[in-house]
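Order-wise, the sequence lines are chains A and B. Just so you know, we're using this note's numbering here: the first sequence kicks off at 1 and counts up by one. Just so you know, we're using this note's numbering here: the second sequence kicks off at 1001 and counts up by one.
Hints should not be assumed to be uniformly reliable.
Unchecked claim - One-sided excerpt, in silico: chain A residues whose CB lies under 8 Å from chain B:
no.: 1; residue: Thr125
no.: 2; residue: Val144
no.: 3; residue: Leu148
no.: 4; residue: Val149
no.: 5; residue: Ile151
no.: 6; residue: Gly155
no.: 7; residue: Leu159
No wet-lab data here; the hints were simulated from the structure. Please read these numbers as outputs of a predicted model, since none were measured by experiment. Don't be surprised by glycine CBs; every beta carbon is placed ideally from N, CA and C.
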Amino acid sequence: MDLILFVIFAVLAVACAVSLVVQKHPIGSALSLIGVMGSLAILYLLLGAEFIAAVQLIVYAGAIMVLFVFVIMLLNTGAETATGRSWPSRLLGIPLITIFLGLLAFILQRMAPSMGMVRFGAFNTGAKEIGRSLFTTYLLPFEVTSVLVLIAILGAIVLARKEID
Amino acid sequence: MATSMMPNALDLLRFLPEVILAFFAIAIMLWESSYDDHGTRPGMPTLALIGLALAAVASMIAGDNPGSAFHDMLVVDSFATFFRLLVLGVGALTVLTASPFLRKLNAEGGEFYSLLLLSILGQSLMAASNELIMVFIGLEISSISSYVLAGYLRDDKRSNESALKYFLLGSFATGFFLYGIAWIFGLTGATNFTRIAAVLGNPDIAPDLVFTSIAAALILVGLCFKISAFPFQSWAPDVYQGAPTPVSAFLSAAPKAAAFAILLRIFFIAFEPLSDRWLPLLGAVALLTMIVGNFAALWQTDIKRLLGYSAIANAGYILVAVAAHSSLGVSAVLFYLAAYSLMNAGAFAVLSMRPETAIEDYNGLAARQPATAALMTVFVASLIGLPLTAGFFGKFYIFKSAIDAELYWLAALGLLSSAVAAFYYVRILVAMYMKPVAADAPALEAPAASLQAVLWLSAAATIGFGVFPGWLLDWATRSSALLR
């Protein structure tokens, strides 16, 4: 059962990722991205990381995607227009992708024996364990991230103001 | 792991400089908003300077109590203290340069100083971080505020272009860096530098070399971007040319120094077991960076852009000392970073006095403003590496460390390329002293008091460390105990 679910959602994730790149209209890309995020959340769930799965859904599929769609609607972008590819990309594109995929396959094949396996439901990490390590071992990175949020707000003010007063 | 929730007093003491910077960044915003009148809002640069000074004092106090803090997230040692004080010093020079610059454009806002302080917070955190997650957060804090600072002059097209380029390419590089961190964590199960080194150095549990190399390469790509090393250097001239001049001075010194700090920490501690693999690569990168920076600079007609290429070449010199892989090399890195920050801040401070940036605009400066031209000569002489300036001893220690490490080819080619560099630096001097003033040259204002302070201070320090390098070198040597 686990394996069937894994295969279904892994394939779905990859298919959505490909569709994300191929789609001509930005809304189509955004919807494909939701598909990727959702399938990934199911995969996390299969591994037993329910907290991460929930966060994945709420933060990515919820908040970030809403933002994307808002931006697309505000900018009112239409289907993208093909600009014709430059000769290096036409000439080297397919060979380079083949080399890249070949390298990836080689690495994975080499990695497989030495890397041990993960069992479904192996991670028994609920919100409690994550919360505990956030407030003990990882207290400092967790708190310092707030500075990052402050910078984002300040940056938005600087870049969005009407004129320099 | 039964760990207590509350950090103890020593943890907080070692983190105090960052706390002070965050406090003052917020205080500046509140201070600004307490004024109703938009015209006169004094005191923000003063507040920023007080914050930087207090943070420097806190860094020194923290440096007297070395050790790790917050479950090994931070390590405060003499190396971290050196870099903390360096970026704080660069920050102070930037505040002093930026204040008259922004006031002239009627663009002085509290956000500028807050973002500057927060950027320095990130760099100070990078200098003291002991593991990859902390490095990443520090890097992001430093970078994101730098992107905004580069685009601070919103009505200036070049400033916008600079910010956008910096942001897009910078985020791309950060992606590489983060992916490398994920690989390292997957391979070793650790993000702490010493624990990574323990896994990589133990042949029984060390992961396959191919994977470790990929991870190290990904991290190196991210860092090479941040220090503008070849082949990830192309953003630097565009960004430095477009950013407000005081920001260019800041960007070419402080984030770069912090990036060198983490480059040294990651490669000299975490990847030390693999050093014979990455050392030749770093040597090649150093050589190409010097050559690309120096030769591209020969054709520049814009003086800010020229200093941008010179910043690339200088990153190459520093990489030579990194590739020497010795404690002498590390102290040469620290010495040169300090010397470069001073001369660079001075040169950019001269440029910040006026909006024109073509080399011809500096024709006949010696006749119009002899003092400024003389000070600029000091900075340019130091950038060339003439004796009696800090730049001379900086280059001397760098190439000495390379020769001691038997990297004769690197030292020889590096010296040759720094001779090429003399050509384009001399063009600035020729323009100032030998060319006549253009008839339609705009009138020059006398530099503001705080700008004068920057100019004289950095010139005095450039000559001071050029005549008596002992004190700075001692400090750099004491702070370079990274290789054990």
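Unmet hints by their number, sorted upward, for this structure: 1 and 4
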